[in-house]
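Listed below are the residues making up each chain.
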Amino acid sequence: MGKKLTEILEESGLPMNFEVGGHSPAETVAREIQKEPCHRAGKLRELYYNTLSSATSEFPYWYTRFYRQLDGELPVMRRALALKEAFAHLTPTIYPGELLVMGRAHYYRGSYPMPWLSEGYYMAKESELNKAAMATGGASADELSHYGAGGGNVTESFGHVVSLAGKFGMRQEEVPATLRIAHEWVNKSVDDACRKYERMIPEYPVKEAIMRNVICQFDSGYTLPQGREVMNYFYPLQDGFDGIVSICEKRKAEVAGQAGGDGLIGMDRLYNYEAIKLVVEGVQAWITNYVKEARRLEALEEDAAQKKEYGQIAERLEWIAHNPPRTFREAIQLCWTTHLAVLNEDVASGLSPGRMGQVLFPYYEQDAEAGRINDDEVLEWLELQRVKFTCIDCFGSAGVVGGVLSGNTFNNVAVGGLTKDGQSAANQLEMLILEAGTRCVSTQPTLTVLYDEKLPEDFLLKAIECNKTGTGYPAWMNNRVGMDFMMRQYGREGMNLDEARAWAIGGCLESSPGSWFELELNGRKYNIPGGTGQPTSVGVHFLGLPKILELVLFDGVDQRTGDRIFPAHGKKLETYEELWGQFQDYFHLACYSLATANNIQHDIWRKQNMSIFTSMCKANWIESGRLIHQLGYKYNATFSVESCGTVSLVNALIALKSLVFDNREVTLNEMRDAIRHNFGFKTAEQVGSYSLADQEKLDDSGTYDRIHFLALSAPKFGNDDPYADEIMRQWEEYFYTMCSDLESLYGQPFYPCQISVSSHAPLGAATVATPDGRLAGTTFSDGSMSAYPGTDRNGPYALFNSATVWDHSRSQNSQMNMKVHPSAVQGSRGARKLLDLTRSYMRKGGFHIQYNVVDSKVLREAQQNQDKFRDLVVRVAGFTQYWCEIGKPIQDEVVARTEYEGM
Amino acid sequence: MSQQLKRHCDCRNYASVDVVKGICHRTKDLILGDDQHCQHFVPLAKCRNCSHYSASGEEFLGSCNAEPAKPWTYPDLIAVTCKMYHAQAA
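So the sequence lines, in the order shown, correspond to chains C and L. Counting in the numbering used here, the first sequence runs from 1 upward without gaps. Counting in the numbering used here, the second sequence runs from 1 upward without gaps.
In isolation and in its complexed conformation, chain C is listed as follows (with noise of 0.2 Å):
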């Protein structure tokens, strides 16, 4: 085995600095809030723990079946039919103590294809899916319960279920089936019709090279069109799902034939009302079959307690199917509902409840002044909720769900932030729902501060005692920052400064907009805010940042695969203005590209798989009678650029100004052979571990030491020089320039979006080394803000004075993850300290940080042994994830992070 490169830089004098503020004692310290859900959460959390993922082809084989059947229907009619009969058709399932219920599918953890957006990989698989469904099964029922490696993944067949990609299980006997509503699609399919009409791009062969190349790491039109949203629960609260049928009926009545005086859309308005008022039918259908369910399962039930919870959800969801909810149990359950049928409509990552605490605190108001309900009570209902988001899945390919995912589903809920009028928003409500997220540990839903100065002490340190448990959240975004922002990007549609106060974050840190609405509630108005902005995170959906800075020096060939990507620019890079020239060159060619090609796959998406019940929930629909391919939210310029390893670029540009350019000690010829030979160590794929720690050199003769040495000892991001932090200010001011000049199909302007998630790995993994010494394969760095591991040196108060040289409100996002060790917080003078340094950064208007308050041991253990470490949680990049159903790659990355010893 070659020497480490740890070993290496210890013995040059060099070491790698992953500890900062002291070392950490040798004995495992556990986090030190430690609490206990309620009786009946733990129960339903244990029964997700054991759960594995699960696929179905219920909902798929009767949208497909009734829409076979409404050939030469108008568009959106003939979606909204198919969409009723497949909600009419879910089996419900509900299971024992339960309070809250319905899922997606009538498994626990249950998903399902929607084919008719893609159905390429089932056609691209189809002859090992077949062989696998047709094997006997070998296995037996008592092998198949030890099986649980990676969590609830099924991560490859056994028995009588088929892995989907590498993470969802199919029953063997629904894979034929499943594989003939694939065919219904072949070329009917958003994916089919955008592969056709996205070649008319004259720039698609560089698109197409770039996707080949894993340079970008995903298309949005037919992957994940909808999400990365904030809900919007006023119209189901205040009118119910019959008061919405009425407002539909009453509408048609007043458009029928009539423009309007829009000749272009005006008369669509009539079939839009009749599609909503269809799909909602469908909804209410759905939910009077578990009211079935729970009075067959009252009849047959035994237990007089379990009885008696049967007819009372029986009782709440035979209301909320026609009514307005009258109480908070019947609340909470209407926006779990609703949640879930736009989950089913389409699919979606990041469809975020948004400022639930403030939604819901009309009815916990009124319940607790009423003593109908008293705070256990409502603890109890959150934990419940938490453990049902946490059981959603989104279905999608192993590249969109494992690569970019890690599995995750990234719905946020905000508490804090400002009211209408500018006043704290913070409520008793959501302290409940800090200490539900605090007591009831799960991945979902994720929790964020909106933090503003004027938020109460105690409402802070309350959130600070949650991020002590290690959950990873609440994360803290910037309020005043991303109402900037909201003003910025939305000003042109009408945003105020009213408006911008409602905004909240859709998916792990997206900022999307939102307006407020008047509730009234037993003759009592209260203003809740709710999402009106079309999805985010669409568009360009992941450009890993140095490997265009490859490409630069590589005259645009990619040197892992040999492909040429973009053309040769055949300049000699003589001087750094000129190769940073030639960088922003390549990268508006690939922006442009993917764009341009987002763009039609986003009005293929628009035109054949339009959402008709999320524009239900969205502002403007009764008054416009447009959806959401008619611009009929009310925010609309949510397109962006999503980049990653935006620290591991500006290194690598920092690294070559300074060795090359400004200080000679390297030729650019000798840094790009270096790179060629990586440095002289192993790929990161032979070593077997993603972190740049672990690699092994591949022989001892000492080639590349020289400049491998002068790469990692080059000025790096995050210890407040300004020699390196003047490269990632240039960076950002290029950046959201450059995006302001992309239009979506929208007829609105892009703008960054800053957040890696888990796609620091594949598109670490596909990139060769780079100048600042980092080697080929290992991961980037996390997020956004946060330094590459071990390079920050000099303390959390300069690496905040590195990431803030630059205007967070130009962008939807920043990201900055931070490890911090649990003595470094302990007690109440810790968690002062923790408050404190969140409200540095804060202060100094950086957008988001996020606590990984853990143990690196406990990780390194956990790695080693996964099964002893299921309800392990860490934060990934704007997301908490289970463990042992993270990839390695991240998870390595995650052990490397720089640790936070002290503050």
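Honestly, the hints are just simulated from the structure, not real lab data. No false leads were slipped in.
Distance condition first, Cα-Cα at most 20 Å in a straight line; then the derived PhoX-like pairs of lysine-lysine:
#1 C:868 to C:888
#2 C:308 to L:28
#3 C:682 to C:888
#4 L:83 to C:292
#5 C:43 to L:28
#6 C:3 to C:682
#7 C:4 to C:888
#8 L:70 to L:83
#9 C:43 to C:868
#10 C:43 to C:307
#11 C:292 to C:307
#12 C:307 to L:28
Take the given structure of chain C and dock chain L to it, following the hints.
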């Protein structure tokens, strides 16, 4: 319904948890779906138990005769919500 097909997952009392196991509403136990049924067995409405269902030559596929177009279906499709479901005579 043939004896060999009587598994827990073919029972109305079985609440599917995932593709392998479920909870029995009678006993509240976590059980494996492919295991043999017990004395509480109540047939679950599935296409293959419906009088409108006819098998095709292809494994795991059949057709629904309840509609004139006789659309294809599959035997394990749960039909508790299907208004056309008509249980086969025992």
